[in-house]
Amino acid sequence: MKWLKNALHDKVAMASFTFLVLIAAAGIFAPFLAPHDPKAVHMDMRFAPASWEYPLGNDQLGRCVLSRLIYGIRPSLLWVLAALVLSVGIGGIVGFVAGYFRGRLDAVLMRLCDVMLSFPGYVMTLAIIGIMGVGLENILIAFVLSKWPWFARVIRTSVRQYAEADYVRFAKAIGISDWQIMTRHIALVATPDIAVIASSSLGSMILQISGFSFLGLGIQAPNAEWGMMLSEAREVMFSRPELMLAPGLAIVLTVCAVNFLADALQTALDPKLGRSRQKPQALVSALDTGISGKSGR
Amino acid sequence: MKKAQAGWLWGAIVSLLVLAGCGNENAAPSEPEKQARELVMAVSKDIKDMNPHLYTGSMFAQGMLYESLVENTEEGIKPLLAESWEISGDGKVYTFHLRKNVTFHDGAPFNADAVKKNIEAVQHNAAKHSWIKLSTKIASCNVVDEHTVELVLTEPYYPTLVELSMTRPYVFVSPKNFIEGETKDGLNGYSGTGPYRLVEHKAEQSAVFEANEQYWGGAPAIKKITAKVLPAGETTYLALQKGEVNFAFTDDRGANNLDVEAMNQLEQSGKYQIVRSQPMNTNFLAANSSKKESPVHDRAVREALWYAMDRELISKQIFAGTEPPADTLFSSNVNYANVELKQREYAPEKAKQLLEEAGWLAEQAGGVRKKNGAVLAMKLYYDVNSSAQKMEAEWMQDQLKGIGIQLDLIGEESSSIASRRSSGDYDLLFNQTWGLAYDPQSTIAAFTSKSSYYYTTSGIAQADELYKKINDVMVSTEEQARKSLYRDILNIVHEEAVFIPLTNGSVTIVAPKDLQGISFKQTQYELPFERMSFATK
Numbered sequence: 001m002k003w004l005k006n007a008l009h010d011k012v013a014m015a016s017f018t019f020l021v022l023i024a025a026a027g028i029f030a031p032f033l034a035p036h037d038p039k040a041v042h043m044d045m046r047f048a049p050a051s052w053e054y055p056l057g058n059d060q061l062g063r064c065v066l067s068r069l070i071y072g073i074r075p076s077l078l079w080v081l082a083a084l085v086l087s088v089g090i091g092g093i094v095g096f097v098a099g100y101f102r103g104r105l106d107a108v109l110m111r112l113c114d115v116m117l118s119f120p121g122y123v124m125t126l127a128i129i130g131i132m133g134v135g136l137e138n139i140l141i142a143f144v145l146s147k148w149p150w151f152a153r154v155i156r157t158s159v160r161q162y163a164e165a166d167y168v169r170f171a172k173a174i175g176i177s178d179w180q181i182m183t184r185h186i187a188l189v190a191t192p193d194i195a196v197i198a199s200s201s202l203g204s205m206i207l208q209i210s211g212f213s214f215l216g217l218g219i220q221a222p223n224a225e226w227g228m229m230l231s232e233a234r235e236v237m238f239s240r241p242e243l244m245l246a247p248g249l250a251i252v253l254t255v256c257a258v259n260f261l262a263d264a265l266q267t268a269l270d271p272k273l274g275r276s277r278q279k280p281q282a283l284v285s286a287l288d289t290g291i292s293g294k295s296g297r
Numbered sequence: 001m002k003k004a005q006a007g008w009l010w011g012a013i014v015s016l017l018v019l020a021g022c023g024n025e026n027a028a029p030s031e032p033e034k035q036a037r038e039l040v041m042a043v044s045k046d047i048k049d050m051n052p053h054l055y056t057g058s059m060f061a062q063g064m065l066y067e068s069l070v071e072n073t074e075e076g077i078k079p080l081l082a083e084s085w086e087i088s089g090d091g092k093v094y095t096f097h098l099r100k101n102v103t104f105h106d107g108a109p110f111n112a113d114a115v116k117k118n119i120e121a122v123q124h125n126a127a128k129h130s131w132i133k134l135s136t137k138i139a140s141c142n143v144v145d146e147h148t149v150e151l152v153l154t155e156p157y158y159p160t161l162v163e164l165s166m167t168r169p170y171v172f173v174s175p176k177n178f179i180e181g182e183t184k185d186g187l188n189g190y191s192g193t194g195p196y197r198l199v200e201h202k203a204e205q206s207a208v209f210e211a212n213e214q215y216w217g218g219a220p221a222i223k224k225i226t227a228k229v230l231p232a233g234e235t236t237y238l239a240l241q242k243g244e245v246n247f248a249f250t251d252d253r254g255a256n257n258l259d260v261e262a263m264n265q266l267e268q269s270g271k272y273q274i275v276r277s278q279p280m281n282t283n284f285l286a287a288n289s290s291k292k293e294s295p296v297h298d299r300a301v302r303e304a305l306w307y308a309m310d311r312e313l314i315s316k317q318i319f320a321g322t323e324p325p326a327d328t329l330f331s332s333n334v335n336y337a338n339v340e341l342k343q344r345e346y347a348p349e350k351a352k353q354l355l356e357e358a359g360w361l362a363e364q365a366g367g368v369r370k371k372n373g374a375v376l377a378m379k380l381y382y383d384v385n386s387s388a389q390k391m392e393a394e395w396m397q398d399q400l401k402g403i404g405i406q407l408d409l410i411g412e413e414s415s416s417i418a419s420r421r422s423s424g425d426y427d428l429l430f431n432q433t434w435g436l437a438y439d440p441q442s443t444i445a446a447f448t449s450k451s452s453y454y455y456t457t458s459g460i461a462q463a464d465e466l467y468k469k470i471n472d473v474m475v476s477t478e479e480q481a482r483k484s485l486y487r488d489i490l491n492i493v494h495e496e497a498v499f500i501p502l503t504n505g506s507v508t509i510v511a512p513k514d515l516q517g518i519s520f521k522q523t524q525y526e527l528p529f530e531r532m533s534f535a536t537k
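As given, the protein sequences belong to chains A and B, one line each in that order. Every letter in the first sequence is one number past the one before it in UniProt numbering, and letter 292, counting from 1, is 292. Every letter in the second sequence is one number past the one before it in UniProt numbering, and letter 456, counting from 1, is 456.
Since the hints were derived computationally from the structure, they do not count as laboratory data. Possibly wrong hints are sitting among the right ones.
As a list, the in silico EDC-like pairs of lysine to aspartate or glutamate whose alpha-carbon atoms are at most 16 Å apart [claimed, not checked]:
| # | chain 1 | residue 1 | chain 2 | residue 2 |
| --- | --- | --- | --- | --- |
| 1 | B | Lys316 | A | Asp166 |
| 2 | A | Lys39 | B | Glu413 |
| 3 | B | Lys401 | A | Asp37 |
| 4 | B | Lys92 | B | Glu155 |
| 5 | B | Lys371 | B | Glu357 |
| 6 | B | Lys184 | B | Glu357 |
| 7 | B | Lys100 | B | Glu83 |
| 8 | B | Lys116 | B | Glu75 |
| 9 | B | Lys45 | B | Glu204 |
| 10 | B | Lys202 | B | Asp46 |
| 11 | B | Lys228 | B | Asp46 |
| 12 | A | Lys39 | B | Glu357 |
A quick note: this is a predicted structure, and the numbers were derived from the prediction, not measured.
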């Protein structure tokens, strides 16, 4: 678990991680944290400025912006996270099976992935929305359907590499079942790789879902979502520009935090990258060749 | 990942620079001075097919290119391409004396033969035009002499002249543009007799119109009009500010593209004027009375919806007072619509009472009402491109929740809402009457048409009676009988509350300060550009 320790030492990563945990907690406990009902309309308070009762002011229907921002965490972050877990799950199973058993099964599964990957993600998502109609659920389904092959690909590669390791061969030789090898000996070492790719695609998924909601394809009114809040603010962009700030900053900060965390994870997991940050590149490569030379002998 | 991040960063920097650039240009002396002799207008969608015998094109552009025999004005029907006309005693034969020395843009003469060819071309595609009842009544069109035509109907039909005055389909295209003698499969050019000619059309970008110097009514003062496609209100606002465009009017969907406050800012800048027409139409909610499985089939529910709408508040808060509240489907200045109807003021208590009486009961206070296991929940469809509709919908949802009605909101493209209207797949949707030239006769005729309001009206108890009266009124020859039939028709739909009125819409124009002669037609779809001119300095 050295990589975890590495990650813990990285201050930016820790700050990002804490931020994300706080945001996620705020989303989960939204009914307790939000000062008002996010859907309650108060026409007499349209575009009211920030006040003690409404810390971030009111939107075009006099709804509490802060409450909408807090409730918006659910679709913007938590549901995306759920979709991510699901697609990583599917991708993980396929990847493990393909990478471990190889042969025909591998070929069939990978060709299937190729077919899915040959369509750009946005096109797939739009096609699914076109068939099933607009709505958050449909976008999440589209995400799961279009992302899993990518995860399967990456996970297969990393599993393959461990499946050939000597300790796995020994395990096979002494007759441990495939299931046990996969769960005990490979899953654990493959986890960091999976964590890195999952976290790095979370950022782009948050942006995508906000993008779709901005276009009116995602979550339906009057439910709060950051992209949709931005889209609503856009209509009064020149008379009330301040309305764009809250949802805009929320998206920017969250995506930044996710990306910093993903980067830190990657650095922590890849000792080469870690060292290259501290030492000049030439020295690192010299060291590398030295090491490989030694082991080659 | 690294590369992607760098990309984002660069994107952000570039967009900041671009925004900053916009700011600078605003400060610089504006451009409109240079192009003072022409109008550049922002339109929310492409003008599309300019064939006036089909329905995909933009009506404002078709109105510039083509003309009809007669014109619908505030004072009634006036001559246009026909200088005068006679109606036979039995109301079946209309004889038109055509204006002489009128030519199409391509030089072809406008004469009786051209009229006959055009009307016949329209009739050959009659199924497309079923919404306009005249298309089902024309028996023949005969040439009497070079400048006289005769239109023979199968039975008397009183709105004949009104329907002949509409922008489509009874307008005239040069017969040289016909393909194999027909117009239904397209045209090879768009030559009309109107004040402007189409000189250039770039799909989804722009269209350029130039003045027709040979126009029979005198060449228009504004020589060039360019229509630029700018779908979003914010871009239109920026373009107006920069002087990239200098004219905009509310588009034919009625989707108010520009935010009211943004418009006021433009006016305050001193460069623009804002002109609003008198109320032209009524925005309303159409309730699908024919949908038996939905609570909207229940008249009490529809009435409750009506009582629960605070139209004063919608008008004041959402439209900033630019659209007055509407109490009836047609405002009283519409022909035949000045009838006594029961007033349904904003009264949420009354709405609750109606629901209770009809058996819709709430299990607990504040919950959604139920009746025999059915939940009082309805779907409301709105145009995603109309921010006003979205706001209204969200506000209604909140209001109705208070009286135990659950409203689910679904935003869709306007074309998909139109197809829902014609297939009956909706509970409630936003719609508007078609404007002074079409109200009430065409809108009411559309009550019986599957492509329009058949599903809205067919589920009510007196549907058969209503349809019979609508058929009768269209062929009635006596003014008194017609009045009483219209009164009955309006009473039935009002009593049944299938059209829940919200506000009266009007046409809003943003134009350069020195543009004169801005006026309106009897419809929200077109403007008389030929009457406009720039003040000479």
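Going down the list of hints, with the structure as the test:
1. Of the supplied pair hints, the one linking Lys316 (chain B) and Asp166 (chain A) is violated, its CA atoms being roughly 77 Å apart against a limit of 16 Å.
2. A distance of roughly 24 Å separates the Cα atoms of Lys39 (chain A) and Glu413 (chain B); the hinted pair therefore is violated under the 16 Å criterion.
3. Distance check on the hinted pair: Lys401 (chain B) and Asp37 (chain A) sit about 13 Å apart at the alpha-carbon level, within 16 Å; holds.
4. With a C-alpha separation of about 6 Å, the suggested pairing of Lys92 (chain B) with Glu155 (chain B) holds against the 16 Å cut-off.
5. Between Lys371 (chain B) and Glu357 (chain B) the alpha-carbon distance is near 11 Å, which keeps this suggested pair within the 16 Å criterion.
6. The hinted pair formed by Lys184 (chain B) and Glu357 (chain B) fails the criterion: a straight-line CA distance of about 54 Å is larger than 16 Å.
7. With a C-alpha separation of about 9 Å, the suggested pairing of Lys100 (chain B) with Glu83 (chain B) holds against the 16 Å cut-off.
8. At most 16 Å may separate the alpha-carbon atoms for a hinted pair to count; Lys116 (chain B) and Glu75 (chain B) exceed this at roughly 28 Å.
9. Between Lys45 (chain B) and Glu204 (chain B) the CA atoms are separated by roughly 7 Å; this keeps the pair inside 16 Å, and the hint holds.
10. For the proposed pair Lys202 (chain B) and Asp46 (chain B), the alpha carbon gap of about 9 Å is at most 16 Å, so the pair holds.
11. Note on Lys228 (chain B) and Asp46 (chain B): the hinted pairing holds, with a Cα-Cα distance of about 8 Å set against a maximum of 16 Å.
12. Distance restraint check for Lys39 (chain A) and Glu357 (chain B): the Cα-Cα separation of roughly 29 Å exceeds the 16 Å cut-off, and the hinted pair is therefore not satisfied.
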